[in-house]
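S.K.: Got two chains here, each in a separate frame; can you build the complex from them with the hints?
Respectively, the protein sequence lines represent chains V and L.
Numbering (this note's numbering) for the first sequence: 1 to 422.
Numbering (this note's numbering) for the second sequence: 1 to 292.
I should point out that these hints are in silico values taken from the structure, not numbers from a laboratory.
C-beta atoms are modelled at their ideal positions from N, C-alpha and C, and glycine is treated no differently.
Some hints could be false.
Residues from chain L that face chain V, not an exhaustive set, calculated with beta carbons under 8 Å [claimed, not checked]:
(1) Leu42
(2) Pro126
(3) Pro129
(4) Pro143
(5) Asp181
(6) Pro203
(7) Thr231
(8) Gly237
(9) Leu248
(10) Met251
(11) Arg252
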Amino acid sequence: MIPPRALRRWALLLVALVGSLSLGLWGLATERVEPVSVLMPAPFADATAELVSAFNRSHPRIALRVTRGPLETEAVSDLAISSLLLGESSYDLLLMDVSWTPKYAAAGWLEPLDAWLGPDALADLAPGADLGNAFGGQLWRFPLLADMGLLYWRTDLMEAPPRTPAELVAISRRLQREGRVPWGYVWQGKQYEGLSCVVLELLRGFGGHWLVDNEPQLDSPAAIAATGWLQDLVRQGITPAAVGNMGEPETLQLFQAGDAAFMRNWPYAMAELNKPGSPLRGKVAFTTMVSEEGEPHAATQGSWGFSLLAGSTHKAAAVEVLRFLTSADAQKQLNLRWGYTPTRLSVFEDPELLAANPALGDLQQALAAAVLRPLSPVYAQLSDLLYREVNTSITGDQPASTAMRQLQLNSERLLRSSGGEG
Amino acid sequence: MRRWRLWLLMAPALALLLAIFAAPLMHYLWLSTQAQSVLTGLKPVPIGAQQWLRLWNDGRFWQDTWQTLRFSAASVSLEMLLGLAVALLLHQPLCGRSLLRTISLLPWALPTTVMALGWRWIFNDPYGPINQLLAVLGLGAMPFLSNPNVTWLAAVGADTWKTTPFVALLLLAGLQTIPSDLYEAAALEGATAWQSLRRITLPLLTPYLLIAVLFRLAQALGVFDLIQVLTGGGPAGSTESLALYAYLNAMRFLDFGYSATLLLGSFAILLLLCGTAALVWRWSSRLQGELR
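With the rest of the complex left out, here is chain L (with noise of 0.2 Å):
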């Protein structure tokens, strides 16, 4: 096929990505060049690079982008080793295998903002229900969302419980396209099932994990709703993520300039982050190609 008729059969894809992605993407790195704010009465006037500068000179931003890796670090390393968990366990043949599996999806099919409503109140200083049940063992109260060395940890843990059954569903699809014979000659073989695990198991499993890897920390990254509803960045500022900070820059300030920097920046850490797993899977599988 001639080269010209590819590119045709291809427009309409490229122009609906094109239309998605690229064009809002332009909007915001022109935004990012113009003041446009409530104090401009939020008309564009040409800036050059300030508000690149203001974002290099942000404190906020870098404590937040700290932050923001922080939260995303914990809760989708946790995620993943929980939701490796819960997905061999639904693998092996229970009884009430099926009920199990739905009941395990229920808290990622709960809204955010209900979840996080409920965990503000289990979180609740001194009534919620983890506080009282401290209370009637005689010990003190545990400032989950008012002290800013444990609130990001209680944010982490609300986060895991809601999105492991995700990760969950997606490695227990990967469990099911390995082979059972696999198994059935190791065991013969005399393989514990720690080894089958090491050797079988997780390296089969391997493009699953980095894909749910990758889908987790494109979400952590991003997060706002949990975060909105459960603390509104606080206590001190210590839960703010970079979404919410540009949130609040945008909806709040009218500042929509210094927003769309802000937005870019953070584009700019989770294209850095992506790209240096995508280079780590294809290296680790290139090893894993002359191994074998």
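Isolated chain V, as found in the complex (with noise of 0.2 Å):
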């Protein structure tokens, strides 16, 4: 018989053995599940919803996470931002538009992506998703999605679509004056990001371009035509005044309403267009902007895609998160199930999706007009001066060329304040 003495020591020695066995496996297991968290704005938070549960049942490792982000995309920066600036940032993986890209990475904020997903990891790419990824010769944004502003009209209306500026204005005239539309063309006026998006279009389409080399050229010939034919869209009352105050949401509710031949929008106008029940469903049809005669028909590129925030501790487990959203399959599922537009050149030749989607070819083609607005960690600037200027000459008085010499002075004086790096 052991005394009971004895007893009691091999009592604690054994609950010491489980206990520090049980602690240890616990902290071998919590160890190998890696937190993973992703700030998105909402809408592609719920697209990207069953694709993350799909990761998280085949990485039991990697505990994904993703935060709801604002509607707005601005609201979605100010937020991201807002985490940044308080040094330990809260996000992995930050779903960014392109036109923050530079900002960012001058900012120090986000990882160079070249050395996680070597030197093929554009290859896929369909020609125009590849831009606006890499600056400064680095790599920092895996696109998600493509987005590309794109020309609604009415196939109701009109035979074949306008492919110069004049066109437009001559088919809009002719409809308006047959009281078949009481307007012709709506697009985003408001003195906000998506004006600056409109006017780069119409820039290339005149045969002009924001910069060269770093140099402005807005007070080129070219540049003074383009928002010279938007004010006199205007003031010929081929546009409402009220394009003044519309983004995107207001002229989409204008052409859904069949109060407009033509609009400018992006791509998730054409699903909104054809719901069940909406006036326009099947009388509507995509194509590229207008443009001059042997200039380009440009689609500014709007694209969203992941970035890798420098502060990020799980920076190889996020990398898998990124690979595994923006594959080819992730992409399928969000283009079959959402609608949205592909940037992988396998998915748009996917031959399942081009039977669900015959719209599909058009949109690589314009994808592949797409032009990108300037790379610049000082793009906010550029582009608040020159959406602030152009919507004053179009809701006001003053002529096309004078407010574009003023914007072509403003726009130099920034970028020689900011040492010309650009």
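M.R.: Here it is as structure tokens:
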């Protein structure tokens, strides 16, 4: 028989052993599950929800969590920046708009992806989708979804869409005269980023440029003609004066109500216009923006992509998430279920997708016509100058030439004070 | 009590005030002598008084200052007039008075962003209710939000709708402190309603009016959310306020040095205005004292 004292000693030892063992096991288990946190604008968080749970099922060692950000593009940026400014970022990956990338990279918030994704990372991207991911010789972003400016037209009002600015005006005038639509053409004219996208497409379509070698070209005859054309649209009543406060939702509302023959908008509008119960269901098609003879039909590129944050402590796991969510399978699912435009060539050419979504080929063509907004850490200032000045000229009496000369001076001053680095 | 003991007793309050007001202000003052922006990789680089020179030469700062003052003056005066009227009305012994008081407070209780979205729809051209009404009457649409001469007035309208209840509430509290026997005595002497309003109500309400003006002025000069949601500063920059410009510089342009300078610049303007208001108050009360 074992004496009670020894028994107690043995029992104590056993408890200690079991305790430390389970503690160790628990520690091992928790060490292996790496949390990865992603911030996305609300619509993308909703669309990727199924992919995220699929990832968590197939990757037991990574716990992927998506923060559903605000709806509006710039509000998402505000949220991300507030968190980044506090130093310790609460996110590992950020779904970023193309126009933020140089700014975030220059601020030192992003981790270059070259080493993580390898030299062939961009090989499968469709022409146009490969733009705007690198800056200063390094890769900062991998695109998940493509987005580009499109010209929507009413198939019940005309045989073929206009290809030049003059044709657009002529068709609008005729339809307005015949009383078939109150307005010809609606676009984003509010004092905000959307107006810069509208202007960029026309700049290229009239043969101009925003920047060439970091020198603004905004008082060129082509640039003056482009903004002068927008101003004339309003003056001649082809575009309603209310365009001066119209963003994407307001233009879509007016076009969907059947009150305009043309609209400039992003691909998402197609799904809205073809929803059951939409008055324009099956009566709308899209093409690229009008341009002068011999100039390109340009589409402002507005893609969304994942960036890895420099402050992330789970970089390898985050890159695994990035690969999974931007894979061909994931993009295919996002297109089938939610209508989002892919960025990978292999997805554009997928026969199953092409059968389900016949417009995919047109989207690919529009994407190939994509033009990029200037890649500059001070892009936000450049764009603010541009949309403010152009909005002034479409809501006031100032001639386009005066406005564009002022804009040129201000942009030159901005780029000079930012050290010409741009 | 000895002097050091007084200081000792005041120390916690003083420390709190220093931590909450003085410390951030000093930090901003320091920041306004630095270039800290996306171009410096967010690291501070001392540049002396350059930011202040830039502020002085920045036409947009002066334009926004003028626009902020214009907005504040118009909305605060409207709110004072309407608020006084509402307060006088709610002070009357009407049936269902407490219900009316509750209802009249509703605009104030709404979050500004929500009410600004509402007003954006009300002002919508051409589908908003006002423009639909104009269309029914056979009149043309009113470009509430796309005409630089009109839009700031639309913003004043929305702000007045939202904050008149606040002014009314403050003034109603003031009205309730005025003893009713004053009015009875005046009525016995044959004073008209207008006379008792001018000779009794307004003088006794002056402290409350001034407090309401100060509160509202401080809020209106810092207007941000209403403008951001309603117009984003447009059209033609005609509704951009100082706070919106400072926000753009900090959050969109990542130019923290200049944003701090802008905030200090607007703070100086606010201080100047509130100081003037306080001086006027002291001067007028002294005048009243002499008259008595």
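S.K.: Evaluate each hint against the coordinates.
M.R.: Going through the hints against the structure:
For Leu42 of chain L, the interface hint holds, since its Cβ comes within 8 Å of a Cβ in chain V; the closest pair sits about 5 Å apart. Proximity of Pro126 of chain L to chain V holds as hinted, the smallest CB-CB distance being about 7 Å (cut-off 8 Å). Interface hint at Pro129 of chain L: violated, since its Cβ lies 15 Å from the closest Cβ of chain V, which is beyond the 8 Å cut-off. The beta carbon of Pro143 of chain L comes within 5 Å of a beta carbon in chain V, closer than 8 Å, and the hint placing it at the interface holds.
The interface hint given for Asp181 of chain L is violated, since its Cβ lies 55 Å from the closest Cβ of chain V, which is over the 8 Å cut-off. Interface hint at Pro203 of chain L: violated, since its Cβ lies 45 Å from the closest Cβ of chain V, which is beyond the 8 Å cut-off. Proximity of Thr231 of chain L to chain V holds as hinted, the smallest CB-CB distance being about 7 Å (cut-off 8 Å). At a threshold of 8 Å, the smallest CB-CB gap from Gly237 of chain L to chain V is about 5 Å, leaving the interface hint in force.
Satisfaction of the interface hint for Leu248 of chain L is found here, the shortest Cβ-Cβ separation to chain V being roughly 7 Å, below the 8 Å cut-off. For Met251 of chain L, the interface hint holds, the least distance from its beta-carbon to any beta-carbon of chain V being 5 Å, beneath 8 Å. At about 5 Å, the closest approach between the beta carbon of Arg252 of chain L and any beta carbon in chain V falls short of 8 Å, and the interface hint on this residue holds.
Going down the numbered hints, you'll see the structure goes against 3, 5, 6, while the others check out.
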